[in-house]
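Asks: Chains as they are written, first to last, in this note's numbering: chain A, 1 to 152; chain B, 1 to 114.
What the hints contain is simulated information worked out from the structure, not anything from laboratory work. Incorrect hints may have been included.
[What the hints assert, rightly or not] 25 Å max Cα-Cα, derived BS3-like pairs, lysine-lysine:
{"no.": "1", "chain 1": "B", "residue 1": "K48", "chain 2": "A", "residue 2": "K122"}
{"no.": "2", "chain 1": "A", "residue 1": "K103", "chain 2": "A", "residue 2": "K48"}
{"no.": "3", "chain 1": "A", "residue 1": "K48", "chain 2": "A", "residue 2": "K122"}
{"no.": "4", "chain 1": "B", "residue 1": "K48", "chain 2": "A", "residue 2": "K103"}
{"no.": "5", "chain 1": "B", "residue 1": "K109", "chain 2": "A", "residue 2": "K103"}
{"no.": "6", "chain 1": "A", "residue 1": "K11", "chain 2": "B", "residue 2": "K58"}
{"no.": "7", "chain 1": "A", "residue 1": "K103", "chain 2": "A", "residue 2": "K11"}
{"no.": "8", "chain 1": "B", "residue 1": "K48", "chain 2": "B", "residue 2": "K58"}
{"no.": "9", "chain 1": "A", "residue 1": "K103", "chain 2": "A", "residue 2": "K122"}
{"no.": "10", "chain 1": "A", "residue 1": "K122", "chain 2": "A", "residue 2": "K11"}
{"no.": "11", "chain 1": "B", "residue 1": "K99", "chain 2": "B", "residue 2": "K109"}
{"no.": "12", "chain 1": "B", "residue 1": "K99", "chain 2": "A", "residue 2": "K11"}
Bear in mind that the values here come from a model prediction, so they are computed numbers and not experimental data.
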Amino acid sequence: MKSPSTDRIQKTVLLQAQRARVWRALTDHTEFGQWFRVRLENRFEPGKSTSGHVTYPGYEHLRFEVQVERMDAEHDFSFRWHPYAVDPEVDYSQEPTTLVEFKLEAVSQGTRLTVIESGFDKIPAERRVEAFRMNDGGWTTQLENIRKHVDR
Amino acid sequence: MSTASAFSAAQVRDAAPLFAALGDRTRLRLVLRLSGGGPDSIAGLAAKAEVSRQAIRKHLQVLQHAGLVRGQRRGREHVFVLDPARLADAREHLARISKQWDDALGRLKRFVEG
Numbered sequence: 001m002k003s004p005s006t007d008r009i010q011k012t013v014l015l016q017a018q019r020a021r022v023w024r025a026l027t028d029h030t031e032f033g034q035w036f037r038v039r040l041e042n043r044f045e046p047g048k049s050t051s052g053h054v055t056y057p058g059y060e061h062l063r064f065e066v067q068v069e070r071m072d073a074e075h076d077f078s079f080r081w082h083p084y085a086v087d088p089e090v091d092y093s094q095e096p097t098t099l100v101e102f103k104l105e106a107v108s109q110g111t112r113l114t115v116i117e118s119g120f121d122k123i124p125a126e127r128r129v130e131a132f133r134m135n136d137g138g139w140t141t142q143l144e145n146i147r148k149h150v151d152r
Numbered sequence: 001m002s003t004a005s006a007f008s009a010a011q012v013r014d015a016a017p018l019f020a021a022l023g024d025r026t027r028l029r030l031v032l033r034l035s036g037g038g039p040d041s042i043a044g045l046a047a048k049a050e051v052s053r054q055a056i057r058k059h060l061q062v063l064q065h066a067g068l069v070r071g072q073r074r075g076r077e078h079v080f081v082l083d084p085a086r087l088a089d090a091r092e093h094l095a096r097i098s099k100q101w102d103d104a105l106g107r108l109k110r111f112v113e114g
């Protein structure tokens with residue numbers, strides 16, 4: 001059996017909503033921010049970047065930034081970002097990004113949305129370790145527990 | 001991440017050297033240092049830990065044997081990095097990001113269908 005790729009994630013979801021509605025939820029920066037939980041300062045525009053503060057509880061200190069690649073109305077929307085940019089002190093701008101693509105397809109029940117995030121294999125290994133700090137109950141908590149223990 | 005009860009005998013056996021390696025304050029500090037600050041040299045680690053280079057070298061060897069850190073070159077310098085493969089497999093990272101996407105798409109679904 002072929003082992004699953006470590007380079008990409010693909011998700012498909014069926015949304016009971018018109019394709020135009022889904023497109024707006026994805027590409028209107030304020031609507032995007034409501035479900036993605038980020039307060040974006042600028043609109044999405046191909047070739048340009050937009051950023052803002054994360055509104056997800058516990059992660060408000062983080063900034064979210066994307067560089068828009070494509071906006072093909074009601075079909076394709078894609079951007080690049082730094083998937084493990086979890087440390088406000090680190091400048092990630094020179095590091096490889098992953099590509100996030102949203103693909104929309106009208107179906108009888110509504111809209112089939114596919115999300116593909118690819119390019120993980122190029123992300124430096126140290127960044128992957130850092131990603132654990134984003135997760136409660138993972139190494140974040142464990143390392144914090146250890147830290148408290150050894151610093152006592 | 002699996003729960004404690006889900007560990008098999010083999011996993012416990014494999015994990016024993018790992019925990020032995022971590023069962024020392026200086027080594028734990030080294031792991032934390034590499035986790036927080038990225039790759040570092042023996043000299044750099046020794047300075048921050050206020051321990052001799054010789055001691056740091058020995059501790060790094062133990063951590064290396066447990067597969068927790070590995071050496072690599074950075075320019076002309078020999079540095080040590082935390083080995084993410086030991087801390088977690090690449091697929092486990094993807095599983096987490098995958099879960100984050102599931103959550104985000106769930107919120108999108110409620111947003112457009114609501």
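Asks: If a hint holds in the structure, say so; if it does not, say that too.
Replies: Status of each hint after checking the structure:
1. A hinted pair counts as satisfied when its Cα atoms are at most 25 Å apart, and B/K48 with A/K122 does not qualify at roughly 31 Å.
2. The straight-line distance between the Cα atoms of A/K103 and A/K48 is roughly 20 Å, inside the 25 Å bound, and the hint therefore holds.
3. Proximity of A/K48 to A/K122 is assessed by CA-CA distance (about 23 Å); at most 25 Å being required, the pair is judged to hold.
4. Between B/K48 and A/K103 the alpha-carbon distance is near 49 Å, which puts this suggested pair outside the 25 Å criterion.
5. The suggested pairing of B/K109 with A/K103 holds, with an alpha-carbon distance near 15 Å, which does not exceed 25 Å.
6. Simply put, A/K11 and B/K58 have alpha-carbon atoms about 46 Å apart, too far for the 25 Å limit, and the pair is violated.
7. For the hint linking A/K103 to A/K11, the alpha-carbon distance of about 10 Å falls within 25 Å, and the restraint holds.
8. The suggested pairing of B/K48 with B/K58 holds, with an alpha-carbon distance near 16 Å, which does not exceed 25 Å.
9. Straight-line distance between C-alpha atoms of A/K103 and A/K122 comes to about 23 Å, which keeps the hinted pair within the 25 Å bound.
10. The suggested pairing of A/K122 with A/K11 holds, with an alpha-carbon distance near 21 Å, which does not exceed 25 Å.
11. Note on B/K99 and B/K109: the hinted pairing holds, with a Cα-Cα distance of about 15 Å set against a maximum of 25 Å.
12. A distance of roughly 10 Å separates the Cα atoms of B/K99 and A/K11; the hinted pair therefore holds under the 25 Å criterion.
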